[in-house]
Amino acid sequence: MALVIGPMIAAVLFGFVVGSRIHLKLEHSFEFTLGAIIALVIFAIFMSWNLGQFPFYNDLPIATTFLSAIVGILLGSALLGKNAQE
Amino acid sequence: MAEDSKRTPNWGQTESTPVLKLTALPVSIIMIALGIMTILGGHITPGGGFQGGAMIAGGIIFSILVYGIDGTPIKLSHKFINALESIGALAYVCLGLVGLLFAGSFLYNVGADFYNIVPAYVTAIFHYPDVTNAGIVPYLNLAVGLKVLVGLSTVVIAFSQFKKLGDDE
Amino acid sequence: MSDKIESIRAFMMAIATILFSAALFDAIYGFKNLIQPGISMVYNAVGTQIEPNMVTLVVFDWRGFDTLGESLILVTAVLVVLLIFGKGKILDNKLNSANNDLAAQSGADELNIEEEE
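Chains as they are written, first to last, in the numbering used here: chain A, 374 to 459; chain B, 249 to 417; chain C, 222 to 338.
Check each hint, because a few of them may be wrong.
In silico lysine to any residue, SDA-like type, Cα no more than 20 angstroms apart, as pairs [stated by the list, open to error]: (1) A:Lys398 with B:Phe407; (2) B:Lys269 with A:Ala412; (3) A:Lys398 with A:Lys455; (4) A:Lys398 with B:Thr265; (5) B:Lys269 with A:Gln426; (6) A:Lys398 with A:Ala412; (7) A:Lys398 with B:Thr271; (8) A:Lys455 with B:Thr265; (9) A:Lys455 with A:Ala375; (10) A:Lys398 with B:Gly316; (11) A:Lys455 with B:Ser325; (12) C:Lys253 with C:Ala266; (13) B:Lys327 with B:Phe407; (14) B:Lys269 with A:Ala409; (15) A:Lys398 with B:Asp318.
If you are wondering where the hints come from, they were derived from the structure by calculation, not from laboratory data.
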């Protein structure tokens with residue numbers, strides 16, 4: 374089965390838009406370190422494998438749009454998250 | 249500190265427990281990703297723009313409730329809310345106007361082209377890259393998802409700031 | 222003076238009611254000939270060739286104009302909530318000092334309102 378690439382691109386774009394408002398480090402409050410991001414990605418892979426082929430595309434046994442949305446959120450937060458303070 | 253804790257819910261200051269502060273942001277990110285998945289599976293699975301947008305708004309609202317409106321990591325500014333709301337409505341109306349232009353009826357599904365009255369290049373542009381023949385329906389889902397996510401978040405952001413106003417006065 | 226205005230208003234309302242009811246009865250008369258259930262049968266039969274989820278097909282493809290109105294209802298609800306509970310105070314200058322020039326404008330409006338009160 375060929376990998377359905379269109380919904381993954383849409384998920385990355387949508388996650389980029391929402392994730393560009395998330396800053397992972399805020400003084401006097403918390404800091405979301407690299408290890409936490411790695412743990413989040415591992416948990417997301419586990420969760421997408423448990424979700425199964427949620428949009429039923431029959432290409433991979435994981436929810437590909439969910440993983441793409443996580444990647445998009447983290448990407449947008451890393452690139453534009455520091456400028457999000459109003 | 250004891251005086252402040254008597255005021256039920258104290259929105260302005262971040263007085264959450266460390267457990268909540270540690271877990272709220274990853275749970276918010278996962279809720280946002282689940283909402284995006286629900287939006288993008290709207291034409292195949294149960295769900296759609298409204299439901300997925302409500303899930304994303306739930307993630308943002310959860311982060312605001314735990315960290316407070318000042319310390320929340322997901323800050324939606326005035327410009328961002330304005331832009332997303334406008335983009336969502338404009339995308340919906342413009343997708344409808346494309347159908348009005350090429351097929352003669354508003355919101356005609358130019359991607360699926362049910363009656364074969366649209367030129368082939370227009371169908372090729374607006375066809376969703378998918379195994380189904382959904383046409384413009386996923387794009388409409390995305391537009392409605394943007395609108396709902398911003399609209400439901402705006403109410404909670406505004407209410408938390410109203411509470412801060414009441415405390416100052 | 223006010224009685225005259227009231228009578229003119231009642232007269233205009235009567236005319237508008239007559240026009241509306243006439244248009245409504247004219248639309249209802251012979252309404253059975255206007256109904257064509259064919260599009261519903263078409264969507265029930267071949268709708269799943271467009272997309273598998275029938276509910277989304279009805280909501281976004283068949284009744285897309287209705288969904289546009291629904292999403293505008295949500296916008297209107299949020300707008301009314303902000304208007305009723307906010308009264309222009311949400312962009313106050315001293316509370317939200319890092320905001321843009323819109324804040325200063327609404328802060329000036331609020332000061333005027335307070336002076337009037």
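Going through the hints against the structure:
1. For the given pair, Lys398 (chain A) sits about 25 angstroms from Phe407 (chain B) by alpha-carbon distance, which is inconsistent with the 20 angstroms threshold.
2. Restraint check: the Cα-Cα separation between Lys269 (chain B) and Ala412 (chain A) comes to about 16 angstroms, which is no more than 20 angstroms; the hinted pair holds.
3. Restraint check for Lys398 (chain A) and Lys455 (chain A): the C-alpha separation of about 8 angstroms stays at or below 20 angstroms, so the hint holds.
4. As the CA atoms of Lys398 (chain A) and Thr265 (chain B) are separated by approximately 18 angstroms, the hinted pair is consistent with the 20 angstroms bound.
5. Restraint check for Lys269 (chain B) and Gln426 (chain A): the C-alpha separation of about 32 angstroms exceeds 20 angstroms, so the hint is violated.
6. Straight-line distance between C-alpha atoms of Lys398 (chain A) and Ala412 (chain A) comes to about 16 angstroms, which keeps the hinted pair within the 20 angstroms bound.
7. At roughly 15 angstroms between alpha-carbon atoms, Lys398 (chain A) and Thr271 (chain B) fall within 20 angstroms of each other, so this suggested pair holds.
8. Taken as a hint, the Lys455 (chain A) and Thr265 (chain B) pair is broken in the structure, with Cα atoms around 25 angstroms apart against an allowance of 20 angstroms.
9. For the proposed pair Lys455 (chain A) and Ala375 (chain A), the alpha carbon gap of about 37 angstroms is over 20 angstroms, so the pair is violated.
10. The hinted pair formed by Lys398 (chain A) and Gly316 (chain B) meets the criterion: a straight-line CA distance of about 15 angstroms does not exceed 20 angstroms.
11. With a CA separation close to 13 angstroms, the supplied pair Lys455 (chain A) and Ser325 (chain B) stays within the 20 angstroms bound.
12. Restraint check for Lys253 (chain C) and Ala266 (chain C): the C-alpha separation of about 23 angstroms exceeds 20 angstroms, so the hint is violated.
13. Proximity of Lys327 (chain B) to Phe407 (chain B) is assessed by CA-CA distance (about 18 angstroms); at most 20 angstroms being required, the pair is judged to hold.
14. This hinted pair checks out: Lys269 (chain B) and Ala409 (chain A) have alpha carbons roughly 13 angstroms apart, not beyond 20 angstroms.
15. Distance restraint check for Lys398 (chain A) and Asp318 (chain B): the Cα-Cα separation of roughly 14 angstroms lies within the 20 angstroms cut-off, and the hinted pair is therefore satisfied.
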